[in-house]
Amino acid sequence: MSTWTLTRRDLLRAAVVAGAGAAGLGGIEIVHQVTTSPGLAGGTIGAVRRVASMCQMCTTACGIIANVRDGRLLTVEGNPADPNSQGSVCAKGVAGPSVLYDPNRLLYPLKRVGRRGEGKWKRITWEEAYTEIADRLRAIRESGRPEEFAFQQGRNRSTDIVARFLDAFGTPSAFNHRALCSLNRRAAILSTIGDSDWDLGDFENSRYILNFGSNWAEAHQGHIPVAIRMMRARERGAKIVTFDARLSNTAALSDEWHPVRPGTDGLIALAISHVICAEGLWDREWFDRWTNYPAEKYAEHVAAYTPELAEAESGVPAEAIRRIAREFAAAAPRCTTICNRGSAAHRNGFHNDRAITVLNALVGNMGKEGGWCWHPMSAWDKKALPEPGPIAPKPTARSLIAEAKDWPLANAWQGNKMRVGEIVYLWIKERRQQISALMTYNCDQAWAWPEANLVREVLADEDLVPFHVCLDVMASETSNLADIVLPWTTYLERWDIDSRPPQGLVDYVGLRQPVVAPLGESKDLREIFPELARRIGGGMEEYFPWVTQEEYFEQYFAPVPGGFAHMREAGIHVDPAKKPNYLPYEKELTAEELKGTRTEDGVIHGPEGAIGVMVDGVARRGFGTPSRKVEVHSQFVNDRGREADRTISPLPVYEPIPGHREQLAQGRLIMISFKWNVHNAHRTMQSKWLQEISHTNPAWLNPATAARLGLAHGDWIEVTSYRPIDPEVPRGDGSQVGSLRTRVHLTEGIHPQVIAIAHNAGRTTGGPVASNGRDRATLPGHDSPDYARIWWAGSLSVAQNDILPIYPDPVSGQQAYHDTMVTVRRIAGGT
Amino acid sequence: MARLGMLIDLRTCIGCHACSVACKAEFDVPLGNFRDTVKYVEEGAYPKVTRHFIPVLCNHCEDAPCLNACPTGAVVRLDDGQVTIEEGDCNLNRACMAACPYDAIYVDEDRGTAAKCTFCDHRTAEGRQPACVDACPTNCRVFGDLDDPSGEIARRASAADVTVWKEDEGTRPRVLYIDPKNALPLIAGQGVQVDTTADLSGEPS
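One line per chain: the protein sequences are E and G, in this order.
In this text, residue positions in the first sequence follow the numbering used here: the first is 1, and each later residue adds one.
In this text, residue positions in the second sequence follow the numbering used here: the first is 832, and each later residue adds one.
Just so you know, the hints here were simulated from the structure itself, not pulled from any lab data.
It should be emphasised that the depicted structure is a prediction, and the values quoted were computed from it without experimental measurement.
Among the hints, erroneous ones may be present.
[To be verified] Derived pair list, reagent style DSS-like, types lysine-lysine, alpha-carbon separation capped at 27 angstroms:
#1 E:Lys675 x E:Lys239
#2 E:Lys111 x E:Lys122
#3 G:Lys870 x E:Lys239
#4 E:Lys523 x E:Lys122
#5 E:Lys417 x E:Lys405
#6 G:Lys1012 x E:Lys675
#7 E:Lys675 x G:Lys879
#8 E:Lys675 x G:Lys870
#9 G:Lys997 x G:Lys1012
#10 G:Lys879 x E:Lys239
#11 E:Lys239 x G:Lys1012
#12 G:Lys997 x G:Lys870
#13 E:Lys394 x E:Lys417
#14 E:Lys523 x E:Lys120
#15 E:Lys383 x E:Lys578
For reference, chain E alone in the conformation it holds in the complex (with noise of 0.2 angstroms):
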């Protein structure tokens, strides 16, 4: 043992508690007494700032505290405020500061000199991007075609300010990136039970889980929320059995991992509904109440979806279907599914999750404690906090590429903004929409849209795109393409008020606040577009009276108790009076409520629209449908289809995805992307400390299938894609798309028809650290020490996104990441 009496650690202790307000090691106790409460966000420890805020390091958008001495960000922690993460953070939410503080950031104004996408670059004042920006936007805006004015945005979890800019401005064309993520889900949803386009399984209360193709422990939009509760049910015993074509972690941590056939999971629920129908382990009686479809007539319909056929098509063995089958009707009401872009990402996603949305209704479990659940808001209460006027009226301009008028489910729902991100760029290419100033924010379409490529050769075009300028965090391959470059703030340096479809099922609202001053000249809209506003002038700037953004979000949160301040202490508020949102639609209506209705066919009209239904004889809510019941059969979505020419089936239905029969015979593989958990966007690959632990992307193959092809491990390979073979698809002629080169990983973690290529590499820009060395440039002011040290440059990290074709599906416009077929050919040492 050391006989030091005062070590350096112990003076670093000393220092600590002096800081706390004691003097001498004497104070150690006093400081025990100061984090008796170590989770409270608010206040200091020693020389600490406990500063609450909200993580959007993805888009689960978790309460954190960051803790800050001296105005400089040392360490984020989960804020236990928060309902939905409750105090959790995952890797991305921890290295908070990596980001932050990364060397490759954008801090000032850039203004390019040489040819677009060049690279040459001059630093600009903000007097100068205003002023030319603002010239511009004024020319269209007076041109009287405001639509001319396009802005693509990645994630945004600033809604408010960016519809309020766009809609003052009075362009349409907002283009978000819905169709590349959940649109079928949420269609799906939607259309069946109206009140939510997001389902919140009860997780937690649950006693069986049925996963379709979520990867809740990695990649899912509720990320730690769930996976804490899925944890907890497993603890108690819950079983969760998930069906994917890959092994994620989430497979990994289920109790069964069944390998599927991409494009196969509806199939797989309709066959789980077949045997609970033909066994008689519905709840029949609820179904008939509660549904517009009689159950006989759904066990009709089901019939000929038999296990021997799922099977035959996914994989997963008819015994194994069966039993999952009397196991989750077993268990119910305390039993649900689970689905994402494994069930949704497909071109049959739409029907794919409504055959398992209704497999819920089979059993019964909709609404119940443990089971199927929803929340009405997918984010905080609009009406108790609605947003400070004056409200911009909405835009009475046409964006034909807004409106996307070929899928015919894509806006097919009021106020839920379901773009076809992926045909954007396609269509400015065809001119369909004149494109006179394109403005990119959190976006990195250069790199992550399918056919990246493709949108690179539309943002270079000058024609094209006369004028781009882009707002973001660091340089990016879209960033690259503009012409203007402005410094966005990360989210650790500025303001929103935010919140997410509440697991817990009681809505909450939160807090994003600057933890520390921004860095360098980097700027957040909602200083940017009241500034460009008043510069534009013809009345925008009047939408944006406020003169700080304090004095904005002071007037925003005025309803919670306490106000801003406590919002600023505290991060978040959830309202104590507020219940868990089980079984809204038994909800009888009052007679205040009932008050000049009238009732047809059951349904129970008020003046804006149909309130509720009648069952038994009682006036109850109901769902939020046209029938105000759960609509196993959806005439809407028929009805839509056929005003596009288009057939959608009313009843949930199995379409095998077009040509992989086929292709699959004659030895092609089915092309599936996925995510690793450090992982989210473009942003993360800029932390030096997610990228140590995922920064490489080899293509994952089980040995059968290598063994087919004469592969080894590290084999080099040529991947090359090809185009669908159908004629309701965009170019669908099966033409090829394109090649890249990897290398493979041999994994008995995958199905033998197909090869997965994680999406989170083959950056060329943004610095060594997220380009594996291959982008070493430098910025002024940016050195660093790490640089020398990022030991993973020059591993293989290959861009999927250039060869995935761009893959509507043809009912919603829903991005099919996972179904495309690819040839794979060995070739020598990678040229």
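Go by the hints and put chain G onto chain E.
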């Protein structure tokens, strides 16, 4: 005096790496060096295959080979049993690194010292949890006094079978695992440090 230890319940580890990154952030651990990480191991043959997630860190062994091997007295045991390295006393002879069966020690080039997990003694002295424990979303890690029968760690350890990593080394680790799937033997040949040479190169050969 307490007998501080950690219990890691592999039944609820989701492999998320929040612990790995929290540790990096807490100590600004240089790239390429690791005090804490999570090992991923696949086991089985298709379709009966799974992946194990095993968080690893210094075991703060009761019979610590690093402490016995250090010729300068830089490796010390604190009062509550944590094994730490006094930076000023380390002369980079690397004897501790050679002795550690867990490859838990690395050379911090910037600070000119051998370094490793400290069980976050600077945090626990303030009544806080180690950074990795604090960051764990599923509460699969518990830290505390193994001798306090009313504490969570002792309660959870006594309610299940516990084991240690590389028991054969006889070091009597204070990091305990609940490992019903018997995953630890699968990493018997590994250490805390990540094999930074294992990636497939992207350079054509």
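Checked hints:
no.: 1; hint: E:Lys675 x E:Lys239; verdict: holds (24 angstroms)
no.: 2; hint: E:Lys111 x E:Lys122; verdict: holds (5 angstroms)
no.: 3; hint: G:Lys870 x E:Lys239; verdict: holds (25 angstroms)
no.: 4; hint: E:Lys523 x E:Lys122; verdict: holds (18 angstroms)
no.: 5; hint: E:Lys417 x E:Lys405; verdict: holds (13 angstroms)
no.: 6; hint: G:Lys1012 x E:Lys675; verdict: holds (26 angstroms)
no.: 7; hint: E:Lys675 x G:Lys879; verdict: holds (22 angstroms)
no.: 8; hint: E:Lys675 x G:Lys870; verdict: holds (18 angstroms)
no.: 9; hint: G:Lys997 x G:Lys1012; verdict: holds (16 angstroms)
no.: 10; hint: G:Lys879 x E:Lys239; verdict: holds (17 angstroms)
no.: 11; hint: E:Lys239 x G:Lys1012; verdict: holds (16 angstroms)
no.: 12; hint: G:Lys997 x G:Lys870; verdict: holds (15 angstroms)
no.: 13; hint: E:Lys394 x E:Lys417; verdict: holds (13 angstroms)
no.: 14; hint: E:Lys523 x E:Lys120; verdict: holds (22 angstroms)
no.: 15; hint: E:Lys383 x E:Lys578; verdict: holds (14 angstroms)
Consistency note: the structure conflicts with none of the earlier hints.
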